[in-house]
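**Student:** If you want the building blocks of each chain, they are given just below.
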Amino acid sequence: MSRKPLEPPRLLLSAASLTNGRRVPRDRMIEVAERYREPESLAVTLSKALDAGAEGVLATPSPALDAALDELDRTIPIYAVLPDPDAQGRYDLQAGRLDPLEGTPGPAGLGARMARSWTRLTRPWPLMRRDFGVLVRMALEARVAAIPRRALRGVVIAAGITDLALAGRHRRFFEKLTRFIRGRFRARAAFETLNLGTLLACLREWEVRPDFVVGPVNPRGLMMKPGLAETLDEMAKSQVPVVASQLRATGLCTLDEGARFALEHGALGLAPDLAEMDDVGAELARIRGWREAKVPPRLEGAKRA
Amino acid sequence: MTVSGTVTRVGPRAAGESPRPQGPVRVAVVGLGRAGLAHATLLSAVPDCEIVALVDRRGEARARLRGLGYRAHAFGRVKKMLAVAKPQAVFVCGPQHERAAVAREALEAGAAVLVEHPFGVTLEQAEAVAAAGAERILASACALAFEPVFRRAHDLLEANLLGAVRQARSSMFVSRVFDARHPVFLEAGPVAGGVLAQVASELLFLLLWYLGLPVEVRATSQRIYGGLEDELHAMMKLANGTEMGLDCSWSVPGYPQPATVIELEGENGKLLVSDDGIEAELTQPRAGLAAGHTRIRSAELPHPAAFDWGGEAMYLMDAAFLAWATGGPAPPNRGSFAIEVHRVMDALYRSARAAGEPQAVTR
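Each protein sequence line maps, in turn, to chains U and X.
Per our numbering, the first sequence starts with residue 754, numbered consecutively.
Per our numbering, the second sequence starts with residue 156, numbered consecutively.
There may be inaccurate statements among the hints.
Claimed, not checked - Partner residues aside, some chain X positions facing chain U, computed with beta carbon under 8 Å:
| hint | residue |
| --- | --- |
| 1 | 178 |
| 2 | 179 |
| 3 | 214 |
| 4 | 215 |
| 5 | 218 |
| 6 | 454 |
| 7 | 455 |
| 8 | 458 |
| 9 | 464 |
The set of hints was computed from the structure by calculation and includes no laboratory data.
Nothing here was measured: the structure is a model prediction, and the numbers come from that model.
All residues carry an ideal CB built from backbone N, CA and C; glycine is no exception.
Please construct the entire structure, taking both the sequences and the accompanying hints into account.
**Tutor:** The following block contains the structure:
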């Protein structure tokens, strides 16, 4: 019997607002934090999301998420957004700090420690050169080991890390991490970005094809860099599937408008966030039928056996 | 293989209203910690900007930038870099106690200079940098002034939205320091101060940019965890009698992201500006806003930066500075204004040391 091809996800529930409030207005951030303070509440929402057609949860593993998953007696497929260093950006108050990955939790368990030691042993030269790809690989080895193998469907490199490598035009970072994630974790390899148009253009130029990329797509063009037109142009040409996030442009449009817009402009999947929906089950159920039934020919290469 | 039309090594096309250099510009980044990395990340996306040199005494820092893909020549010393790479613009991002000397060196070499704030540990150091930059292109980092929402508020106030402002209150909170072992207390050299100098000086900049320079200030501060102030409360009086209040803390829970709020009350109504938007309550229609309540959400404003890393503002600040360095208009964070902010900050610290005694702002 032939195995079903590994396709990119079409509908994910994003839980980015639980860990990254920057993309959500402050009053909404407080509301979401309050709503999901209890693990039971998050667990119910995750379960409803799956019942409504979501193929998994796009989230950075956190104690809150772990507690919610522990509440459930079903496996929730995880697309883990990693690595997760300390808060970055302005006012981090450690301007002299050198390591962008500082704050990433260390390896949990013997397996993760051994994997990390093996990488240290076998890649002394890239480590000595502080190759960012190898440093991120080690951070992933430390974090992914804590996620149950049966739940892990994909590893998505977090936007703050992807965009650093993108700015340095670090082709090998994307090439090697894609290969590494697929090989080591037997999971889909993806990149989250806040510069979707720029990333798609670079991936096309470099002929690098991760399983998918996650980035903002909405009719207002909010957070679509370098600009709305350029991003849509790249999405139309891209051979890498796009899973659209920030569909509601922080509330300027409805989820329906955002989802329709993203799908009409070439996004293959959707990843609405907890903060973008009041009734997760009902809203996901409404947009689940809008997804293309088949992967378009342009993206056929994205299927992997 | 088709090569992208939008992305090249010199950067993607900028969206509509984004500032950009007037021509090709050669840039150096001095200090390759988090701040230097942030500038390098964004500069690599500014059209016509070429990073020609990266400087840090620490080999580890230079190696990490190379490991990120940067191929610019890396130097261990500023003097050598200035002589060899001859950059037209220098971003000074090293430790606070080194910034003033590096900025002066770069200015003397004829480069345009943007210095991370504060640009001197003491007012004397900052005055010396400002004097060296008086006839040259000198700016101090203040990304908040480039946030579309705060920029728009400035435009509205300049269009006399409120008429004469009677009172202003403001706050800036962020949850960062909850431990005496926090790295902010472990800087290698002296620093200008705590939460005011390192975080809320941007809010102070906005207040002064919006309303003008105070003549007298008073402040009280609290040290909770270490030798720097963790909280500061200030009142500032303008020449016309208007009072401006400022509260700031980096030790308050519930603010994983920094939150800035400015409330203004004038003869034509009230204005509230925050990271999330602008709310106006006007008696008379003015500056394009109707009478009554108007809300402009931050997301509704143009966000023209061509690259996002940690938000929109820092890209816009860097691009605007390079526009100025290549013959464009001066940005709000030019050195001649930034030194005024430093003088007010110095007066606030004097007052805090004197248990809230009013202090005159030096000119």
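**Student:** Could you check if residue 179 (chain X) really has its C-beta closer than 8 Å to a C-beta on chain U?
**Tutor:** 18 Å, violated
**Student:** Less than 8 Å between beta-carbons is the criterion; does residue 454 (chain X) satisfy it with respect to chain U?
**Tutor:** With Cβ-Cβ at 4 Å, under 8 Å, it holds.
**Student:** Identify whether the interface hint at residue 218 (chain X) stands, where standing means a beta carbon of chain U within less than 8 Å of its own.
**Tutor:** Holds - the Cβ of residue 218 (chain X) comes within 8 Å of chain U, reaching about 4 Å at its closest.
**Student:** Quick check on the hint: residue 458 (chain X) CB to chain U CB, less than 8 Å?
**Tutor:** At 6 Å from the nearest chain U Cβ, residue 458 (chain X) passes the 8 Å test, so the hint holds.
**Student:** Under 8 Å is the threshold here; is the Cβ of residue 215 (chain X) close enough to any Cβ of chain U for the hint to stand?
**Tutor:** 6 Å, holds
**Student:** Please verify that hint: residue 214 (chain X), Cβ, nearest Cβ of chain U, below 8 Å or not.
**Tutor:** 10 Å, violated
**Student:** Mind checking the CB of residue 464 (chain X) against every CB in chain U and telling me if the closest is under 8 Å?
**Tutor:** 5 Å, holds
**Student:** For the restraint on residue 455 (chain X), tell me whether the closest CB of chain U is nearer than 8 Å.
**Tutor:** 6 Å, holds
**Student:** Was the hint right that residue 178 (chain X) lines chain U, CB cutoff 8 Å?
**Tutor:** Not OK, violated: residue 178 (chain X) not within 8 Å of chain U, min 20 Å.
Hint violations for this structure: numbers 1, 2, 3, all remaining hints satisfied.
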